[in-house]
Amino acid sequence: MTDAVPTTLSLRRMFGRKLAGFDPAVLTSFGCIVVLLMASSLYSSNFLSPAYLLQQLKVASFLGIIATGMMLVILLGQIDLSVPWTVAAGAMMSCALAAQGTTGQVLAIPFGIFCGALIGLFNGFGVGYLRIPSMIVTLATNAVTQGLMVVYTGGFSPQDSASKSMHWLATGFLVPGVPNAVLVWGLVAAGAVFTLNRTVFGRAIYAIGNRERAAYLSGIDTRRVVMMAFAISGALAAFGGVLLAGYASKAAQSMGDAYLLPAIAAVVLGGTSILGGRGTYLGTVAGVILITLLQSILSVLQIPEFGRQIIYGVVILAMLLLYGRGAKQRQ
Amino acid sequence: MTDWRYWLARQRGTILAAAIFLVMFILYTSRHPAGFSANVVQTAANKGVLLAFVAMAQALVVITAGIDLSVGMIFVLTNCLASWIVYGTPLQTFAGVIGVLATGLVCGAINGLIVIYGRLQPIVATIASGAVFYGLALALRPQPGGQVNDGLAEALTGRVFGVVPVSLLVLLAVVLVVWVPFSRSVTGRAAYAVGSSETAAYMTGLPIQRAKMAAYTLAGLLSAIGGLFVTFFTATGDAAYASGNIYTLYSIAAVVLGGVSLYGGSGSAVGAVFGALAFRTIGDLLFVFDFDPLWQPLFQGLVLLLAVCLSSIGLLRVRNRLEWFG
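Chains as they are written, first to last, in this note's numbering: chain A, 1 to 331; chain B, 1 to 326.
Simulated from the structure, these hints should not be mistaken for laboratory data.
Just to be clear, a hint being listed does not mean it is correct.
[Said to hold, decoys possible] Reference listing, derived: stretches of chain B covered by chain A, where coverage requires no fewer than 3 residues with Cβ under 8 angstroms from a Cβ of chain A:
| no. | segment |
| --- | --- |
| 1 | 123-131 |
| 2 | 136-147 |
| 3 | 225-233 |
| 4 | 253-263 |
For clarity, every value in this text was computed on a predicted model and none was experimentally measured.
Using N, Cα and C, we set each Cβ at its ideal position, and we do this for glycine too.
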């Protein structure tokens, strides 16, 4: 294992450095953020106020945490469609435990994340060891998780409310002026950047995304890496759900539905190839902020829901057509 | 091997799906208080064909090794459109039906254009186009409502000779008019070839682009037929996001149950139809066995998961571990 990895590592690192400065996708995303802000400031100068921007960053941090997990999976060349109900399960399970006295209050957050990790572990087992296409196995676990949650809640939104620590983590201020949610996203982001660039596990993810066969032959236990990546994705999705529950004070039936498409879109708009093996975390940050801003501005401008959906879809398509195109079929 | 054995090997998935459906349906009718009556069959058929149309649509695209996550949204969009225009005099109604089907074709063609000429990955491209289709549906029907030509609706959801549900006959007709000619044409064979190996299909000089375009466009058309039928059953148009998502999800489940390989290149739309009917029957089984309806989503999910895991049984035959990675 150690023989083959260093050469690929140093090569990739060299290319990684070069690309990081000039990656057109990341530059386009950041450019779009600036253009969006400029254009909307013509409508109202409130769009450039620090309060508004900070509020957007806070809203973006929930999506950012969920998109981090999604990015790991997309880098593998896979996809995680179980996000909606993993988010909901994380939220519901942590709220359920929070209702069980003091011990429950303390363990609520870890327990929610643990449930997400379990769902992810199952996804990863299906993809890595059973070799089932990720789209299918994650759809199936999404359906099963939904079924479990429906049985658990009786089909209604659960009455348990979030614990104080969840509420504090999502809405409090540890550092004056910076919402805790943003801090949490910052920590997750730092962890992701470190893992992706500086650990064997992270480099293995890129290697598998490029060509799993080659990664396997160079001694990486690809099946275990795939399983772990899915487990992390599930854990982060559930963590996002825990924070959302803290933000809204309770869990809801379909709270995760609004996060699947934006998470995928954010990762892909940030220049991560949907085929895997290529992409930077900075791009994902740009994608997350871009999507959040777009959603916020569309709703502030009081564009009706149907218009928002259409603009949303068209913008994603347009940006993908700009730089997300595949290679031309030649041989 | 003789010819029929080749045929049998190729149709194994379809036959298995048909067998699963038959077993489930016999179980269902044997437990149903009304037994195997024309009414029971009619209700089951009317529910089943909706998913069957959408599943056929999904199968066409999956055969080319693509995926269409917008089929449910095309279904919802055409439902909303039909609740506006399939109404009035026979001529108006006829024009309305044509308009709905044409809309489906256009939606499918847009997906095809984006995937083929835009060279985007089908997953992301159809998610995004699905958002646009859903937006259009919402523009047409911000609130559920509308109406449909009663005579036509009654005729198409009723029975002929008092026994055979018309919806099943329409499904059969669509299979005969759309699927059979497609699968036997050069374009259809090219669709299978593209799904097996796009590189090989390219090298052989097959019409790759025409095959993919036909698959996506016909998928739009078939989803629109589903949307038209749901309008006949419910007599309203409803831009429900959840319903679009569920039809997309279930169409994939039906395709998997129907023996269509998600890697492309094998299976048939007929298999997907049986997969859809079987999946619907599984959902209904719980009711006749007096389970709490709350358990239905979990039960359907577990069946789907089981079907998916069973498909990996081929792993046991792998001798060279590199084959794991396709």
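How does the segment 253-263 of chain B fare against chain A when you require at least three residues with a CB closer than 8 angstroms, holds or violated? holds (count 4)
Are there three or more residues in the segment 225-233 of chain B whose C-beta lies within less than 8 angstroms of some C-beta in chain A? violated (count 0)
Within the assertion that chain A covers the segment 136-147 of chain B, do at least three residues meet a Cβ-to-Cβ distance smaller than 8 angstroms? holds (count 5)
Stated coverage of the segment 123-131 of chain B by chain A [criterion: 3+ residues, CB within 8 angstroms]: holds (count 8)
The structure is inconsistent with hint 3 alone, although it conforms to all the rest.
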